[in-house]
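In order, the protein sequences belong to chains A and B. The first sequence begins at 1 in UniProt numbering and counts up one residue at a time. The second sequence begins at 1 in UniProt numbering and counts up one residue at a time.
Treat each hint with caution, since some may be false.
[As the list claims (entries may be wrong)] Pairs of lysine-lysine, DSSO-like flavour, derived with a Cα cap of 30 angstroms:
hint: 1; chain 1: A; residue 1: K194; chain 2: B; residue 2: K86
hint: 2; chain 1: B; residue 1: K186; chain 2: A; residue 2: K42
hint: 3; chain 1: B; residue 1: K186; chain 2: A; residue 2: K233
hint: 4; chain 1: B; residue 1: K186; chain 2: B; residue 2: K270
hint: 5; chain 1: B; residue 1: K86; chain 2: B; residue 2: K233
hint: 6; chain 1: A; residue 1: K373; chain 2: A; residue 2: K226
hint: 7; chain 1: B; residue 1: K507; chain 2: B; residue 2: K359
hint: 8; chain 1: B; residue 1: K186; chain 2: A; residue 2: K186
hint: 9; chain 1: B; residue 1: K42; chain 2: A; residue 2: K186
The hints are simulated quantities; they were obtained by calculation from the structure and are not laboratory data.
There are 2 protein chains.
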Amino acid sequence: MAKVADKPFFPKPFLVFFVLSIIFGFGITLSEAGFPKIRHYKWEVEYMFWSPDCVENIVMGINGQFPGPTIRANAGDMVVVELTNKLHTEGVVIHWHGILQRGTPWADGTASISQCAINPGETFTYRFVVDKAGTYFYHGHLGMQRSAGLYGSLIVDPQEGTSEPFHYDEEINLLLSDWWHQSVHKQEVGLSSKPMRWIGEPQSILINGRGQFDCSIAAKYKNGLKQCELSGKEQCAPFILHVHPKKIYRIRIASTTALASLNFAIGNHKLLVVEADGNYVQPFSTSDIDIYSGESYSVLITTDQNPSENYWVSIGVRARLPKTPPGLTVLNYLPNSVSKLPISPPPETPDWEDFDRSKNFTFRIFAAMGSPKPPVRYNRRLFLLNTQNRINGFMKWAINNVSLALPPTPYLAAMKFRLSTAFNQNPPPETFPIDYDINNPPRNPETATGNGVYKFNMGETVDVILQNANMLNANTSEIHPWHLHGHDFWVLGYGEGKFSAAEDGRKLNLKNPPLRNTVVIFPYGWTAIRFVADNPGVWAFHCHIEPHLHMGMGVIFAEGVHKVGMIPPNAMACGSTAMIKNYPRKP
Amino acid sequence: MAKVADKPFFPKPFLVFFVLSIIFGFGITLSEAGFPKIRHYKWEVEYMFWSPDCVENIVMGINGQFPGPTIRANAGDMVVVELTNKLHTEGVVIHWHGILQRGTPWADGTASISQCAINPGETFTYRFVVDKAGTYFYHGHLGMQRSAGLYGSLIVDPQEGTSEPFHYDEEINLLLSDWWHQSVHKQEVGLSSKPMRWIGEPQSILINGRGQFDCSIAAKYKNGLKQCELSGKEQCAPFILHVHPKKIYRIRIASTTALASLNFAIGNHKLLVVEADGNYVQPFSTSDIDIYSGESYSVLITTDQNPSENYWVSIGVRARLPKTPPGLTVLNYLPNSVSKLPISPPPETPDWEDFDRSKNFTFRIFAAMGSPKPPVRYNRRLFLLNTQNRINGFMKWAINNVSLALPPTPYLAAMKFRLSTAFNQNPPPETFPIDYDINNPPRNPETATGNGVYKFNMGETVDVILQNANMLNANTSEIHPWHLHGHDFWVLGYGEGKFSAAEDGRKLNLKNPPLRNTVVIFPYGWTAIRFVADNPGVWAFHCHIEPHLHMGMGVIFAEGVHKVGMIPPNAMACGSTAMIKNYPRKP
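Kindly generate the complete structure, drawing on both the sequences and the hints.
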């Protein structure tokens, strides 16, 4: 049983009203009145046999489900997840991707950063407020447990009594992922080996945890793959999008891929983009969307096509030479039979290296009218150079020539309790050499690991210029989707080549930049973001490609840690934090 | 670099001598004088690609080696192992199998019992005295990490200046194990699934971590398998026993198998058994030995055969229908070439179900003259019934109808600090119903998990009657090798059927019972052991078949916990122990 109860909870302003309700017998429940609730879940994480793509494997499931149960709440609600680790030897944490964790930085679910991993047999309770409607998800944030299947959806509706700024009749929720047949433990060993063994392209694209390996539900239109024979009851049977004609559907799409950049399209249907990463955007229409790992979108579709037909939903790989067949499913116009194949082939995924097309899509995303605007000036600007490097022959990724190696003691408690030996007290470099040639492999590819922290003053406006560069091999530069914890940021602009403060700095969009929590850097390009460091805590900022993070592609931000409240003792039962004397612990 | 230094260390009695040495310039080092030393090791545990049986897989290695480095010390030395966990998501502990840990029960290396698992990135220092010469080994004791390859040898020579009670010229050390191609993570999921999926028989038998899958080095004599083509430099090339003619060799043999009961034989050579589990036995000659998981032996061989030939060493499976080819290697009489094949086929492993033959071997083991004798009376006697059971359709093993489920808080600290909620304070039953029918499947196979402790008074003499029984299927009963931590015990006897205190109790051997730390129960039989509960600590007593322990086949013993000294804080940074206030912890 995933969900235990929806209990109302009582922030102080409501208490008076609550008491009055009782006294005067208003005869309504608090939830009817649109009051915040507690959404209470009891979860157990364990490995289980599962066939996500018709090939049996082990996945990390929650309460016997893969993907994990969907959390659904209203803005302002408190989500409480009692997470019990039923793994035999592995720790576990869960990150609530896109949730800002204001006042609860210890609930961000990042091992070594916000908390100690939950040990086998132990329970940790995540409590946090979901303060903004939107399409979110959750996932493991230790080792490569996201790749192992530890993820699920987190949907926040507007506060009860209020509504979205667009109309739709029904909604459909899609969580996209990629899947490998090799165990994540082997993947991790490969990435840490000399020479490095790359994980390769995924075997399958999963839609709500369902894909088909070595067969296709559209074999009729494809060469080489045989038709899948599925009754619909299999764990790998496609998740069908059932719709009624002449309606408007909101399709929520989130990507928790380990690696793949995806493109989403529905045959014959235009997509109206209305939300990105839990923020409303200026609506625009498109035939397909690109979605990178860590991003989410809502698109509206109108089921105004020939109602006697069904239509393909196609999700293909972009930005890397695809070796994975597209994830496919069907937009099923009811009452047609699901088994009625669409009359045309599935939409073709655009060419993987047509980055102009990707940019064209990305550059169309602007904040909806009335969205918060960025401060006009920054107090501090970091330039973060993304490079592929080596350490004694081991392959790494580094930021300003520092490859992140997380320490065993979580930063949050280490900083609050000034455990100065827990990590390097010197912050990493804020920029890179002005003459660095981003168009060629690093002249000296050797790097070093580090675990220093970029510390911001509370309330400071921070700009980060993410600078892409050539990889170790000549003429290669890859896409990286960067995700920031604890904040949304404004995306002020993108550009080609090296960022020039003099030229590019003047062209940044301060008028209607979209707020996001994940943003991509294109090959050989830069991306500029701005955020206000006003959320006390320690926050990861990293490439959301899981093996890249595993190889060091991230940095640590911190602000206002002295204002952080009482960290739950069992978030700090590891490393040096376990040795703190006299911390109020209960036996 | 496995071994850091051999430093002398100074128990108080030696300090005076040490000071005198300096003053008078005795001009000898302490080690020359036969003083105890510190044997200092720095180890890192990590997964690595390896081909134990010519098939590449990942193994849990130490400092890049598989099996882990051999520890070698003299009786009385202190072994110090600084163990760093370089795994990404898993905890780790190491148990020093056969070492009594007097005064250091927190160093026994059992997760949930003696300590918290060491978290990724953290270091725990094991410090313990090896007080008795003998053939030991070490291995992981969390989940199924032993099956994953986390093991190595631990050899204790007599105190310097003293000698073994038998003569030999050279020695050879063999650590035997079994190996599966399926990952231990999948194995664990299978064992915990409904219906249970059994791990099956191992793919290979390994000798010092080396075996050959799908080929044989003795293909000439075997049907069905092709000849292995090996240069000798492969990770899976056999470990050759190089010997000179006309010498006496001590061969140390320890078995850390996950499952397999083994039989060891050398073509044309008799084995003189002189040691079992670190205790001298009355020497006896045999053509082959049976060795169960958790046991160790030393045998002497004389290289008195035709010196122009080489001879087979053959290690086959007993007590279960073998589906694994024997582990093979060569006793190489120098200066013959290793590649000169023996002229006869490898010794045939005796029929797997010839239990009479196994008993015949086992019953020949008696303590060497001058060995400590057991107290003539016991203060307390436990009867432990071994049964296969079910819990809601999950397959389990249970002792007196309790299937052991280890709690997240380690017992040792939980008992010392009286954390009464950490485990069930009611001890499990000390016996089983007198009318239990051991010859048939359990009438009610349903059982329950438990985590209670058998508590003994300090100094109490304890008898345990291990009673085997029929499994869930009719007419089946299996061998189980039981291993006791923290103690050697006297093996007072074995018998068929149900133990009768009146009859069997009078026939127990109190004259020369062998001291051991592991003992087998035969199908439908009983085994009686005796030990003195004089080692303050909490000690596991369990079936050494790793999947059986995983399924609950063990019990917890405790004695004199109030006398246990200062538990290292980082042995108790988990579960309720992490919440103890005011424990002297250093930030």
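Each hint tested on the structure:
Distance hint between A/K194 and B/K86 is fulfilled; the C-alpha atoms sit about 16 angstroms from each other, no more than 30 angstroms. About 25 angstroms separates the Cα atoms of B/K186 and A/K42, which keeps this hinted pair within 30 angstroms; it holds. A hinted pair counts as satisfied when its Cα atoms are at most 30 angstroms apart, and B/K186 with A/K233 qualifies at roughly 24 angstroms. Between B/K186 and B/K270 the CA atoms are separated by roughly 41 angstroms; this puts the pair beyond 30 angstroms, and the hint is violated.
Taken as a hint, the B/K86 and B/K233 pair is honoured in the structure, with Cα atoms around 27 angstroms apart against an allowance of 30 angstroms. A threshold of 30 angstroms between alpha carbons decides the hint, and for A/K373 with A/K226 the separation of about 52 angstroms lies outside it, so the pair is violated. Simply put, B/K507 and B/K359 have alpha-carbon atoms about 17 angstroms apart, close enough for the 30 angstroms limit, and the pair holds. Annotation: proposed proximity of B/K186 to A/K186 holds, straight-line Cα distance about 13 angstroms (limit 30 angstroms).
Taken as a hint, the B/K42 and A/K186 pair is honoured in the structure, with Cα atoms around 25 angstroms apart against an allowance of 30 angstroms.
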